[in-house]
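J.: The primary structure of each chain is shown beneath.
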Amino acid sequence: GAVVSQHPSRVICKSGTSVKIECRSLDFQATTMFWYRQFPKQSLMLMATSNEGSKATYEQGVEKDKFLINHASLTLSTLTVTSAHPEDSSFYICSARDPGKSSYEQYFGPGTRLTVT
Amino acid sequence: GESVGLHLPTLSVQEGDNSIINCAYSNSASDYFIWYKQESGKGPQFIIDIRSNMDKRQGQRVTVLLNKTVKHLSLQIAATQPGDSAVYFCAENRNAGGTSYGKLTFGQGTILTVHP
Chain R
57 GAVVSQHPSR VICKSGTSVK IECRSLDFQA TTMFWYRQFP KQSLMLMATS NEGSKATYEQ
117 GVEKDKFLIN HASLTLSTLT VTSAHPEDSS FYICSARDPG KSSYEQYFGP GTRLTVT
Chain E
5 GESVGLHLPT LSVQEGDNSI INCAYSNSAS DYFIWYKQES GKGPQFIIDI RSNMDKRQGQ
65 RVTVLLNKTV KHLSLQIAAT QPGDSAVYFC AENRNAGGTS YGKLTFGQGT ILTVHP
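Protein sequences appear in the order of chains R and E.
So the first sequence is numbered by the working numbering: it starts at 57 and just counts up by one.
So the second sequence is numbered by the working numbering: it starts at 5 and just counts up by one.
One thing to keep in mind: the hints can contain errors.
[Unchecked claim] List time: in silico BS3-like cross-link candidates among lysine-lysine, alpha-carbon distance up to 27 Å:
1) R:LYS76 <-> E:LYS107
2) E:LYS107 <-> R:LYS70
3) E:LYS72 <-> E:LYS46
4) E:LYS41 <-> E:LYS60
5) R:LYS111 <-> E:LYS107
Everything labelled a hint here was simulated from the structure, so no lab data went into it.
The structure presented is a predicted model; accordingly, all values stated were derived computationally and were not measured.
Produce the complete structure using the sequences and hints provided.
T.: This is the structure:
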């Protein structure tokens, strides 16, 4: 089956610094990737849709200047949390859609645990 | 924004019992639904999906039922095992076209605990 990886799996950073999270599709080319955030004991909230070769589409309430998304190739999307603060601590999960399969099926990465101290 | 302090519904069953997890969705235009299983510290794992032109779909030990009249979705797990313990989420694709194409909206989630 389709595999999506994320790196790093967990990261701790100091307040005010920036952190980059990578999302890779390993065995298929993903024209569209999605970034979600999940707080403890809560559901996944879509942050943005990342399209290869074009600007990301952000959901309402998500600051595009704080959460920078780059989808420079068909197998890699990155999310950079800029000037991170403790309230940005969360579980960040990406997913990718395989254009060769069902239009709506998404394959999820294992997630990245971000802790801002 | 997120609901602070929200507690997920819980379901506790004995090993071997059948489990039924329910989900209500709000958008009558949604045309595709998925159930995901999420274990602690991991990403969601696909279980089963169903399109809106169906009312039932079966997989291995799992069945999804869709009632469009009352906008209700359920996941039935037969002979539940301890390894089934996880959080289960339903997700819907809201067929609003344009920028909503392919975007999933996740439900609240249910914590399933299976006791040996």
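J.: E:LYS72 and E:LYS46: Cα distance at most 27 Å?
T.: With Cα atoms ~31 Å apart, E:LYS72 and E:LYS46 exceed 27 Å; violated.
J.: Has the given pair, R:LYS76 with E:LYS107, been kept, meaning a C-alpha gap of at most 27 Å?
T.: Holds, because 23 Å separates the two Cα atoms, which is no more than 27 Å.
J.: Holds or violated: R:LYS111 and E:LYS107, Cα atoms, limit 27 Å.
T.: 16 Å, holds
J.: Is the hinted pair E:LYS41 and E:LYS60 satisfied, with a Cα-Cα distance of at most 27 Å?
T.: 19 Å, holds
J.: Tell me if the straight-line CA distance from E:LYS107 to R:LYS70 falls inside 27 Å.
T.: 33 Å, violated
Hints 2, 3, counting from the list given before, are not met by this structure.
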